[in-house]
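Model the placement of chains B and C on the given structure of chain A, informed by the hints.
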Amino acid sequence: MIRIGDAPGVRRLLIGVALVLTALFLLLPLVAIFAQALMGGIDLYWQNLSDRYTLAAIGLTLLVTLLTVPINLVFGIFLAWLVTRFNFPGRRLLQTLIDIPFAVSPVVAGLVYLLLYGRNGWLGGWLDGYDIQIMFAWPGIVLVTIFVTCPFVARELIPLMQAQGAREEEAAVTLGASGWTIFRRVTLPKIRHALLYGVILTNARAVGEFGAVSVVAGAIRGQTNTLPLQVEQLYQDYNTVGAFTSASLLALLALLTLAAKAALEWRAARRESLA
Amino acid sequence: MIAATLRRRASRRVLPGFGLSLGVTLTFVSLILLLPLTSLVGQLSQLSLSQYWFLISDPRILASYRVTLLAAAVAALFNAAFGLLMAWVLVRYEFPGKRLVDALMDLPFALPTAVAGVTLATLYSSQGWVGRWLETLGLPIAYTWVGIALAMAFTSIPFVVRTVQPILEDLPSEVDEAAVTLGARDGHAFRRVILPHLWPALVTGTGLAFVRSLGEFGAVIFIAGGKPFETEITSLMIFVKLQEYDYAGATAVASIVLATSLALLLVINLWQGRFTRRLHGGGA
Amino acid sequence: MLRLASSRRWFAASTLGLALALGSIGPAQADQPRELLNASYDIARELFAAVNPKFVDWWQQQHDEQVSVKQSHGGSSTQARSIMQGLRADVVTFNQVTDVNVLADAGLVAKDWQAQYPNHASPYYSTTAFLVRKGNPKQIENWDDLARDDVELVFPNPKTSGNGRYTYLAAWAYADQAFDGDKAKIEAYMKRFLGNVEVFDTGGRGATTTFVERGIGDVLITFESEVNNIRSEYGQDGYEVVVPPVSILAEFPVAVVEEYAERNGNLDLAKGYLDYLYTEEAQRLLAGFNYRVNDEAVAAEFSDRFPQTELLRVEDVFGSWPEAMKTHFASGGELDQLQRR
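Protein chains in written order, with UniProt numbering: chain A, 1 to 275; chain B, 1 to 284; chain C, 1 to 341.
Any given hint could be a false lead.
As the list claims (entries may be wrong) - With a straight-line Cα cutoff of 27 angstroms, these simulated DSS-like cross-link-like pairs (lysine-lysine) come out:
no.	chain 1	residue 1	chain 2	residue 2
1	B	Lys227	C	Lys138
2	C	Lys54	C	Lys70
3	C	Lys326	B	Lys227
4	C	Lys183	B	Lys227
5	C	Lys185	B	Lys227
6	C	Lys185	C	Lys326
7	C	Lys191	C	Lys54
8	C	Lys271	C	Lys70
9	C	Lys191	B	Lys227
Just so you know, the hints here were simulated from the structure itself, not pulled from any lab data.
Just chain A, with the same shape it has in the complex:
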């Protein structure tokens, strides 16, 4: 079979250009992060890593992620179920609303939360009366992170569930299955991969959010500094190696994310070819 672009010359040229560009734009930055982090030797790397403030930043980042991901997972499933299984007025509006966090610049996202939950905001002022502090403490960081990452799971699920249709679920209803059973036995197995993909994306963004978090965090060292903020602060302290040490952790996490995703796709592809 002859296909377009199959001539060896064309083929070699295109692959060559693609590889060079990938190396230049994607691989090189990645290499640079680790090279900069290890510039001072492995001992210095460990020393930077076990710095008290870096450890605190890792802890806070973990906490934020552990809270954000499940909340957005549950929300994403409900939203996808709602807009793909029912027809009601305002459905398209709801779908566009969910894209707002993609459209809002992260700095603005931080700002709107600050205006609402800050001491001068109406909700923040009221909470302040009860001595409850949202901004410049971990709850504020969690809130903006939820805001910024809420579309990912839904965005993965909606097109898939739309394409799959509701016929199987409807059949299950006529067989007398309960809602929960239908979801668990019929829907979940079909959307598992998209769901996991959504979780991976949510997780990556939750770990790495910078703009929005920097507005609401208050930069208290060892208390409200997440890892990306820590990168920026160390960078500002002339501590390039320290900054890239924290950055290398985030890059490592990014690589794990990519690996998880690749493994997922590979399994899916294998199942398809077996079927």
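For chains B and C alone, kept in the frame of chain A given last:
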């Protein structure tokens, strides 16, 4: 009352869970999305129309729109070409390291933008690995609009690749066989036969990349020079106004970015609904 | 596999995380040591990292109580904004009088805060100086050299950075003196001066990185203290310090955020912290970080580090800080006019 009407409308459906999912979704959307945005509206409503116009049409702000739009457009066009190439190579050819390259395409989404910004600034400055070379060729990147476009392009690489890839995969081989047997040459055949199938996805991907670039802050800020009228982006202007306690000014400018991005997203959503069914399900 | 069991585990994990967080980050318990939060400007990280442990010892000696000090650093204005929105700092150590005034206007700091501690509540001061490349190839000696066509400048954006604001005001104050108050000439000078800026970073440290690590510009203009710190950080050989004969007095005001300190039960601790900054021990530490101090013994000890210069007060040249802010830095003010093309 509204819920009751909705329920009646939806009751034609046999599936359960309408009330529950509607409740959860609306609660979440109101608390997380709409309530905070009311504070934005609240700030804006304190401005008269002429004040609003004055704030958003300041020459320096206008210049920042120009820089942002230009850099985002260049970044999106670059990604359209690069994304198309990568999708083509990854779908049509076999070569060693292909899986690695494929996985790397998602790196910009997985890597925190601040990390990307610091790294790009380090690489492309006149002292960096790449910047040093380009400098001798007379091509300074960092602190020019090219640097801004570069950072924007980096953060939005996956959009085009991942929208075009699944369409290309699904393209039946009869399509190009017909063209080839008719004796058309590669470039010509590609334009006449393949591109018409791809271009809805290509436009969608490019559009998403463009929207993402308009709002990008973390990655760009380290590499943009911040020179008035030349390398100031709109996100930076919002940030500057925040520093001056000018919430009204910040929200006014933010509202322009927000409205532009939302309008573009809406157009993309409608377009996507018309032309392609499976765009985001591609990963699963 | 994402089964029910694993999602249950997720919830368990998150609940556990929440409980842990409430335990560790929640309000301090009675048996924990008291914690003071100092909100400070960007480039003071190394300084307070050195000062705080000494203060903890000092407080232990004086009051037989173990305390700890936490730091928050950011642009001075950003910090003031955060405090107004609820960042519960007990004390502020800023580099901008205006930013403390903002807090006083909001009722968080006493109206007469400048009278509560010596030297207008400024335990140390500095001025604006130039860092040039080795051998001073462009022959930079004074402010007029900075407006020459062949000179490229780096300093932080006066809109976002207090450091940048001092630079702008110093240049204006110089021109005011040189041209005897002729506004047309001052503005012409300022236009050329601002036109020479290669990169406007948002903060002082960003400007330093631009100048030192990226090699951009002939002159970096920043605080004298910072200029000297850069030399010790990046080596004495590559750079030279030029302190112009006339410059601006940069005060570093401190104040107790009474509203929050009282609420945190830290009022005495906060006041003690500021008192400590005026002790001879602290003044010596400060001078070691290249800040000028008022303590006579310490000033004499370090006199060789700080060349004699004429330091102009913002209040004397521009009337007052609020006035300077309004005419020069507000939206549509002098700075915006000068940067218009």
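A quick look at each hint next to the structure:
1. The straight-line distance between the Cα atoms of Lys227 of chain B and Lys138 of chain C is roughly 23 angstroms, inside the 27 angstroms bound, and the hint therefore holds.
2. Between Lys54 of chain C and Lys70 of chain C, the direct Cα distance comes to roughly 14 angstroms. Compliance with the 27 angstroms bound is thereby established for this hinted pair.
3. Between Lys326 of chain C and Lys227 of chain B, the direct Cα distance comes to roughly 22 angstroms. Compliance with the 27 angstroms bound is thereby established for this hinted pair.
4. A C-alpha spacing of about 25 angstroms is found between Lys183 of chain C and Lys227 of chain B, which places the hinted pair at or below 27 angstroms, so the restraint holds.
5. For the suggested pair Lys185 of chain C and Lys227 of chain B, the alpha carbons sit about 24 angstroms apart, so the restraint of at most 27 angstroms is met.
6. For a cut-off of 27 angstroms, the pair hint linking Lys185 of chain C to Lys326 of chain C stands: about 21 angstroms separates their Cα positions.
7. Taking the CA atoms of Lys191 of chain C and Lys54 of chain C, the gap is about 46 angstroms. The hint is violated against a cut of 27 angstroms.
8. For the proposed pair Lys271 of chain C and Lys70 of chain C, the alpha carbon gap of about 15 angstroms is at most 27 angstroms, so the pair holds.
9. Using a Cα cut-off of 27 angstroms, the hinted pair Lys191 of chain C and Lys227 of chain B holds, with the two alpha carbons roughly 14 angstroms apart.
Taken one by one, the earlier hints fail for this structure only at number 7.
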